[in-house]
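Below, each chain spelled out in residue letters.
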Amino acid sequence: MIQPILQLESVTRDFSDGRTIRRVLYKTDMSIFPGEFTIIAGPSGSGKTTLLTIMGLILKPTEGEISIQNERVTHLPENRLATVRQQKYGFVFQQAELLPALNVIENVVVASGIQGQKVSAGLRKKAAELLDGFGMGDCLSMTTQQLSGGQKQRVAIARALINAPALLLCDEPTSALDSESSTIVLDALKQLSKDTTRGLIMVTHDPRVFPYADRLIKIENGSIVYDSRSQGAQEA
Amino acid sequence: MRSRVAFKILLHDRSTTAGALIGVIAIVFLVGQQISVLFGLFTYMSVLVDHGGADIWICSKNTDNINGAGYIPERYVDRVSGLAEVAWAEPLLFGGASLVTRDGKNEAVQVVGLRNPRGAAGPWRFYEGGQDGLLEFEGVTIERLDAKLYGSPQVGDSIEIGNVHVRVSAITQSVKGFAGRLVFTNMVKAHEIIKSPPGRCKAVLVKLNDGVNLQAALERVRSVLPGAEVLSAAELSRMTRIYYVKNTGMGGSFGLSTLIGALVGIIIITLTMYTGVLQRQKDFAVLRALGARKLDIFIIVLAQSLMIGIVGVFIGFLLLAGFLSGTLDSPLPSYLPLWIAPVLAGTTLAMCVLGSLLAMRKAISVEPASVFR
Ligand SMILES: Nc1ncnc2c1ncn2[C@@H]1O[C@H](COP(=O)(O)OP(=O)(O)O)[C@@H](O)[C@H]1O
Ligand SMILES: [Mg+2]
Numbered sequence: 069m070i071q072p073i074l075q076l077e078s079v080t081r082d083f084s085d086g087r088t089i090r091r092v093l094y095k096t097d098m099s100i101f102p103g104e105f106t107i108i109a110g111p112s113g114s115g116k117t118t119l120l121t122i123m124g125l126i127l128k129p130t131e132g133e134i135s136i137q138n139e140r141v142t143h144l145p146e147n148r149l150a151t152v153r154q155q156k157y158g159f160v161f162q163q164a165e166l167l168p169a170l171n172v173i174e175n176v177v178v179a180s181g182i183q184g185q186k187v188s189a190g191l192r193k194k195a196a197e198l199l200d201g202f203g204m205g206d207c208l209s210m211t212t213q214q215l216s217g218g219q220k221q222r223v224a225i226a227r228a229l230i231n232a233p234a235l236l237l238c239d240e241p242t243s244a245l246d247s248e249s250s251t252i253v254l255d256a257l258k259q260l261s262k263d264t265t266r267g268l269i270m271v272t273h274d275p276r277v278f279p280y281a282d283r284l285i286k287i288e289n290g291s292i293v294y295d296s297r298s299q300g301a302q303e304a
Numbered sequence: 041m042r043s044r045v046a047f048k049i050l051l052h053d054r055s056t057t058a059g060a061l062i063g064v065i066a067i068v069f070l071v072g073q074q075i076s077v078l079f080g081l082f083t084y085m086s087v088l089v090d091h092g093g094a095d096i097w098i099c100s101k102n103t104d105n106i107n108g109a110g111y112i113p114e115r116y117v118d119r120v121s122g123l124a125e126v127a128w129a130e131p132l133l134f135g136g137a138s139l140v141t142r143d144g145k146n147e148a149v150q151v152v153g154l155r156n157p158r159g160a161a162g163p164w165r166f167y168e169g170g171q172d173g174l175l176e177f178e179g180v181t182i183e184r185l186d187a188k189l190y191g192s193p194q195v196g197d198s199i200e201i202g203n204v205h206v207r208v209s210a211i212t213q214s215v216k217g218f219a220g221r222l223v224f225t226n227m228v229k230a231h232e233i234i235k236s237p238p239g240r241c242k243a244v245l246v247k248l249n250d251g252v253n254l255q256a257a258l259e260r261v262r263s264v265l266p267g268a269e270v271l272s273a274a275e276l277s278r279m280t281r282i283y284y285v286k287n288t289g290m291g292g293s294f295g296l297s298t299l300i301g302a303l304v305g306i307i308i309i310t311l312t313m314y315t316g317v318l319q320r321q322k323d324f325a326v327l328r329a330l331g332a333r334k335l336d337i338f339i340i341v342l343a344q345s346l347m348i349g350i351v352g353v354f355i356g357f358l359l360l361a362g363f364l365s366g367t368l369d370s371p372l373p374s375y376l377p378l379w380i381a382p383v384l385a386g387t388t389l390a391m392c393v394l395g396s397l398l399a400m401r402k403a404i405s406v407e408p409a410s411v412f413r
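Taken in sequence, the protein lines are chains A and B.
Residue 69 is where the first sequence starts when you use this note's numbering, and the numbers rise one by one after that.
Residue 41 is where the second sequence starts when you use this note's numbering, and the numbers rise one by one after that.
Everything labelled a hint here was simulated from the structure, so no lab data went into it.
All of these numbers come straight from a predicted model, not from anything done at the bench.
Mixed in with the good hints there might be a few duds.
[As the list claims (entries may be wrong)] Listed below are the simulated DSSO-like cross-link pairs for lysine-lysine, each with C-alpha atoms no more than 27 Å apart in a straight line:
hint	chain 1	residue 1	chain 2	residue 2
1	B	Lys235	B	Lys101
2	A	Lys262	A	Lys194
3	A	Lys186	B	Lys322
4	A	Lys262	A	Lys193
5	B	Lys235	B	Lys145
6	B	Lys247	B	Lys101
7	B	Lys48	A	Lys193
8	B	Lys48	B	Lys334
9	B	Lys216	B	Lys145
10	B	Lys334	B	Lys402
11	A	Lys128	B	Lys334
12	A	Lys95	A	Lys128
13	B	Lys48	B	Lys322
14	B	Lys402	B	Lys322
15	B	Lys334	B	Lys322
16	B	Lys402	A	Lys128
17	B	Lys188	B	Lys145
18	B	Lys48	A	Lys186
19	B	Lys334	A	Lys186
20	B	Lys48	A	Lys194
21	A	Lys95	A	Lys286
22	B	Lys188	B	Lys216
23	A	Lys128	B	Lys322
Between the sequences and the hints, there should be enough to build the whole structure, so can you do that?
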């Protein structure tokens, strides 16, 4: 039996606007498994980003526990969480969010050196290979301003992979792209999801990407309303 | 990689970087320039004492600045020259007089009378002629930087000071005093010009023999001349400077303009560094999401402020060097003691970091979650 790579147990999240407290994520239990493309879908405002940032150790849950590779991380201090993020996570955002001050390859290796680590020649080589794998081999020393949206997002994916993360979290990575670029990015993610050492979660509101999913989870108003995994289990 | 990120952001955000650099340069240049003028004036204040070549100065009782010394008997010279510790003793006379310029105006000057042939406390730098000029009975020196004011008399020209006709026998270079424009002559001519009481002088300069203990010698001279103020040259120099700083309000005025220079610099640095961080908030949030700790963000901004500080200090010192060499041998007093340079550089760097505090606070408070919104 495959071990889950990430587990949420009774996780909730409330936001307060000063006067009222509003529950944005209702009690959620979820296990994410490596080697499959997990898509979390739901309308805008349904709590997808909230759930994803909790999974990404960026947002603290109000209640509940988070474990990565069977290790509880919920109550780690902030700087330890940052280190876990650097070592075990890769993030791809809605916009590529590259640093305009850095060139393409520096934008990739920065994820590896941001805690003060030296950037070795080996690491640069690895970054170059990753970029090459996404068809960006000729752009290593370009500035980010010279890239198209789709190219930027591919650099962002290379950046997310440079530390060989156990989890790759993507928050609507194609919503800012044209359909052609979207297809390139989605195909790349699909390819990456086959790696059995890595869990891949993508959040989206776009039903057109559902066919890419190995596992589809639907969220509405802060609650999981559908999970193809348990659905499949029930049907069986 | 952190310092590389810091550096690349500075390169990328050129206008903010330039702004912060200007802040640093402002501190180094404005403060350095004020300090150099202050020290320039300091050297003017006690110029006679500092260049007198004596170890001990004998003045009238309770003298607290050399330019305010009263008259003492010239025979003090003989009282001390006999002492075993003493190599030589020479009288010095100085006082105000007015010099008649070419076009008939009067200019106040400070006439200094030296005893020949030693000429102790004589001019220390000449533009034309030399100490020998003061051996002439009617010879006086004038300062090159003041010559224009007098109508540009040349060596050999006759001029009138204090109703006495004298002749320019040498021209000094950058020999400037605080109490007035310096004109050197021999003791006898000085008496005549200043109209000082006969047999009196303003100070007696004492040079000690090699190896003599200064404190012991001071005690010895004091016991011989209980009615006089006996001071080491260093002490008299210091007292003179303190006297002027205290009594002219100069200390306060220089302190204020130095403070304003520093403040203007810090404000520029604070504002530009802060706007720099505001511009880069999203980048810092991304870095935080990718695994940067608050410490790492802090180090990036600290590195930026140090880079700006070091480059700014370097440029500031270049400008300052330009200012100093430009004012060298000009009427503007400027002198920067060497030890000031590292102190100024260090304080400027500290102020640069201080100016970045607000920016650092902003930068480390950036939430990684904000990337997702
Ligand atoms: N920092 C926050 N403070 C207050 N409310 C928030 C915050 N972040 C998200 N929300 C609210 O939580 C709900 C879910 O937001 P989000 O998870 O971003 O949804 P989605 O990503 O599905 O569009 C929304 O109603 C949103 O207004
Ligand atoms: Mg969202």
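Results for each hint:
1. Of the pairs offered as hints, the one joining Lys235 of chain B and Lys101 of chain B holds, with about 22 Å between alpha carbons and a cut-off of 27 Å not exceeded.
2. Among the hinted pairs, Lys262 of chain A with Lys194 of chain A is consistent with the structure: their alpha-carbon atoms are about 20 Å apart, no more than 27 Å.
3. Between Lys186 of chain A and Lys322 of chain B the alpha-carbon distance is near 24 Å, which keeps this suggested pair within the 27 Å criterion.
4. About 23 Å separates the Cα atoms of Lys262 of chain A and Lys193 of chain A, which keeps this hinted pair within 27 Å; it holds.
5. Distance restraint check for Lys235 of chain B and Lys145 of chain B: the Cα-Cα separation of roughly 21 Å lies within the 27 Å cut-off, and the hinted pair is therefore satisfied.
6. This hinted pair checks out: Lys247 of chain B and Lys101 of chain B have alpha carbons roughly 20 Å apart, not beyond 27 Å.
7. Restraint check: the Cα-Cα separation between Lys48 of chain B and Lys193 of chain A comes to about 21 Å, which is no more than 27 Å; the hinted pair holds.
8. Between the alpha carbons of Lys48 of chain B and Lys334 of chain B the distance comes to roughly 19 Å, so the proposed pair stays at or under 27 Å and holds.
9. Of the pairs offered as hints, the one joining Lys216 of chain B and Lys145 of chain B holds, with about 21 Å between alpha carbons and a cut-off of 27 Å not exceeded.
10. Simply put, Lys334 of chain B and Lys402 of chain B have alpha-carbon atoms about 11 Å apart, close enough for the 27 Å limit, and the pair holds.
11. Our distance criterion of 27 Å between C-alpha atoms is met by Lys128 of chain A and Lys334 of chain B, whose separation comes to about 17 Å.
12. Between the alpha carbons of Lys95 of chain A and Lys128 of chain A the distance comes to roughly 14 Å, so the proposed pair stays at or under 27 Å and holds.
13. Using a Cα cut-off of 27 Å, the hinted pair Lys48 of chain B and Lys322 of chain B holds, with the two alpha carbons roughly 16 Å apart.
14. For the hint pairing Lys402 of chain B with Lys322 of chain B, the CA-to-CA distance comes to about 12 Å; that is within 27 Å, so the pair holds.
15. Proximity of Lys334 of chain B to Lys322 of chain B is assessed by CA-CA distance (about 14 Å); at most 27 Å being required, the pair is judged to hold.
16. At roughly 21 Å between alpha-carbon atoms, Lys402 of chain B and Lys128 of chain A fall within 27 Å of each other, so this suggested pair holds.
17. A distance of roughly 13 Å separates the Cα atoms of Lys188 of chain B and Lys145 of chain B; the hinted pair therefore holds under the 27 Å criterion.
18. A distance of roughly 16 Å separates the Cα atoms of Lys48 of chain B and Lys186 of chain A; the hinted pair therefore holds under the 27 Å criterion.
19. Distance restraint check for Lys334 of chain B and Lys186 of chain A: the Cα-Cα separation of roughly 19 Å lies within the 27 Å cut-off, and the hinted pair is therefore satisfied.
20. Taking the CA atoms of Lys48 of chain B and Lys194 of chain A, the gap is near 22 Å; set against the 27 Å cutoff, the hint holds.
21. Between Lys95 of chain A and Lys286 of chain A the alpha-carbon distance is near 15 Å, which keeps this suggested pair within the 27 Å criterion.
22. For the given pair, Lys188 of chain B sits about 15 Å from Lys216 of chain B by alpha-carbon distance, which is consistent with the 27 Å threshold.
23. Using a Cα cut-off of 27 Å, the hinted pair Lys128 of chain A and Lys322 of chain B holds, with the two alpha carbons roughly 20 Å apart.
Hint compliance for this structure: no hint is broken.
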